[in-house]
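Visitor: Residue numbers (the numbering used here), protein chains in the order written: chain A, 1 to 296; chain B, 1 to 279.
Hints are computed from structural coordinates only; laboratory data are not their basis. Every residue gets a Cβ at the ideal spot worked out from N, C-alpha and C, and that includes glycine. Do not rely on the hints blindly, as some may be mistaken.
Stated by the list, open to error - Selected chain A positions facing chain B (Cβ under 10 Å, derived; list incomplete):
| id | residue |
| --- | --- |
| 1 | Ser30 |
| 2 | Tyr39 |
| 3 | Gly41 |
| 4 | Pro102 |
| 5 | Leu110 |
| 6 | Ile112 |
| 7 | Ile129 |
| 8 | Ile147 |
| 9 | Arg207 |
| 10 | Leu224 |
| 11 | Phe263 |
| 12 | Gly264 |
| 13 | Val277 |
| 14 | Leu281 |
Said to hold, decoys possible - In silico negatives: residues of chain A with every beta carbon more than 10 Å from chain B:
| id | residue |
| --- | --- |
| 15 | Asn54 |
| 16 | Leu56 |
| 17 | Glu64 |
| 18 | Ala152 |
| 19 | Ala200 |
| 20 | Gln204 |
| 21 | Phe206 |
| 22 | Ser245 |
| 23 | Tyr260 |
Stated by the list, open to error - Listed next, the stretches of chain B that the computed footprint assigns to chain A, with coverage defined by at least 3 CB atoms under 8 Å from CB atoms of chain A:
| id | stretch |
| --- | --- |
| 24 | 113-127 |
| 25 | 147-159 |
| 26 | 248-256 |
Residue-level listing of the chains:
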Amino acid sequence: MSNKKRWLTRNKQEIFLFLLPVLILLISLSIYPVIRGIYLGFTKYKVGRGSGFNGLENYFQIYESGYLIKSFENITFMVAVSVICIYLLSISLSLLLNGRIPLRGLWRTLLIIPWAVPPVAKIAMWKEIFKTMGGELNYYLLQLGIISERVAWRADAKTAIYVVITVFIWGCIPFVTLSFLSTLQQIPKDINEAAIIDGATPLQIFRYVTLPYLNQTTAISMSLVIIWIMNDFATQYGLGGPGTSTLTPMVEAYRQGFRYGNFGYASAYGNMLIVVVSVILFIYIRAMNKRSKGVN
Amino acid sequence: MNPKTRKYVMQILRLIAIIPMMAFIVLPFLILISSSLKMEGEINSLNPTLIPNHIIFDNFIELFKNKSFVLSIKNSALISSLTMVLTLFVSFPAAYIIAREKGKAIPVLQIWTLLSQMIPVITLTVPLYLILGSLKLTDSFPGLALVYITWQIPTTLWLLKVYISSFPTELEDAARIDGCNTWKMFIKIMLPIILPGVLTAGIFSLIGAWNEFFFALVFMKSPENILVSTKLWAFIGISGQSRDNMLAAASLLSCIPGIILFSVFQKYYVSGLTEGAVK
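Please work from the sequences and hints to get the whole structure.
Guide: In structure tokens:
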């Protein structure tokens, strides 16, 4: 090796040393725990009672407990409603902010508010708004004549789930809107101009130019939103309604694992979530691939 | 309608469309501010007003006299800055290698980074609890910091990689020919130029640790290890209606780091998150 080259190339030892701290941390506190977590889902691990492999026993027991169907039903509903609302609101906001609009800078700055609020502070904030007596929502709805008597938003099994969903939507809008906005700003101007010259209506431009451009951003941001909602604990637990009305896999896993010491059960819920997340991502990626092939 | 009036009408229509959506985003936060300035009598009033009838700062004064709350702020500040500094320290050299080398290990690292964002938190929490327990690190700052650092590494790594890739190799080579070793080159040549990027990455891990709640709830049990998130949680748990004004004041204080930092760095945040997810 020439003298010059020795200066310019990094030796194997250096590469290894530079990667080492990150590798140690990732292997010991990320990769290993995930593998162990998956395995724990197939054991009867209970604090103080030791463990042992028990195959699919946890899953049958969880199924028989009746919480399985209910918790997955709830989370599916929460995710579906949240994703639709977040998508519609964010796409409208980003289109409005991308065009000529008075006070644009102000709106963009205000948009980041939900980001700055820590999850637990969000609970405190919305708890106050949804209070039955003296809560702002009931007060304004009464004033506007939309409701005739106070609604117990959080205590009513029918409305409680929407309280949780509202908080999800509020929290996710900034990220999704700003993602859309930064993609919209990358659309070359001449494409829009060419479409206008060809006689396309604004609606056609939106359908055939803007939306295809947003495909990839939509896929990424919506997958992240789904995962955030599934992984959320604070909102689901802190603002949850009566009984099982807002019970989710994450909350049930926490109760089983860290209230009752049933680590096997908690991990089994984790495994089921892994399966669900993988299926969603698989379907989504396939759909996106097909769509982009169709466009080309 | 002439084009000029048409333009104005369009702008006004857009404004009318955006106002309700922005109200949904801003009003809850205004209510939080307003609640934090209300007296006990007023917060329980059946006719809440957005501007308090009597503005008081007693809630904040009371919070700063509350030893446990002050301790929680100190603890959270400590663990967040520790997380930030150490995450940057371990990620920077690794990000440098990822940006410059094309080894076989690097795609594996990339895939893991992507996958780690998809893993349910609960799958990680139980084994981490057991691992920290066997190391006698549950309910301790070093233990929680290790978890936070590992959890922040993926995002930090990809953010830093992007900034380091944009740093010209010629400058790097020149420094080496002048006799700098790699660390010296990092500190003297590279860092001053890509400092904004490094700070951005650092701030995201800082806020991530400040806001984190679930690991804090599960791992930190003793009163002297209270953090802002777990303190707020305790406030929510014990607050009857009468303390909602205090709770609002405490929540508002917990938002301050996020507000300051996000307003300065918001444009980098989105690119950071999507960057980590796509690549």
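Visitor: Against this structure, judge whether each hint is valid.
Guide: Now for the hints, and whether the structure bears them out:
1. Ser30: Holds, because the Cβ-Cβ distance from serine 30(A) to chain B comes to roughly 5 Å (cut-off 10 Å).
2. Tyr39: Since the shortest Cβ distance to chain B is 9 Å, the answer is holds.
3. Gly41: holds (8 Å)
4. Pro102: Holds, because the Cβ-Cβ distance from proline 102(A) to chain B comes to roughly 6 Å (cut-off 10 Å).
5. Leu110: This interface hint holds because 5 Å falls under the 10 Å limit.
6. Ile112: Since chain B brings a Cβ to about 5 Å from isoleucine 112(A), closer than 10 Å, the hint holds.
7. Ile129: Holds, about 6 Å.
8. Ile147: Violated. Min distance 14 Å.
9. Arg207: violated (19 Å)
10. Leu224: holds (6 Å)
11. Phe263: Holds - the Cβ of phenylalanine 263(A) comes within 10 Å of chain B, reaching about 5 Å at its closest.
12. Gly264: Check passed: Cβ of glycine 264(A) comes within 9 Å of chain B, closer than 10 Å.
13. Val277: This hint holds: valine 277(A) lies near chain B, its Cβ roughly 5 Å from the closest one there, short of 10 Å.
14. Leu281: holds (7 Å)
15. Asn54: holds (16 Å)
16. Leu56: holds (17 Å)
17. Glu64: holds (20 Å)
18. Ala152: holds (14 Å)
19. Ala200: Holds, because the least Cβ-Cβ distance between alanine 200(A) and chain B comes to about 18 Å, which exceeds 10 Å.
20. Gln204: holds (18 Å)
21. Phe206: holds (15 Å)
22. Ser245: Correct as stated: the minimum Cβ-Cβ distance to chain B is 19 Å, above 10 Å.
23. Tyr260: Answer for tyrosine 260(A): holds, closest chain B Cβ roughly 13 Å.
24. 113-127: holds (count 12)
25. 147-159: holds (count 6)
26. 248-256: Result for this restraint: holds, n = 6.
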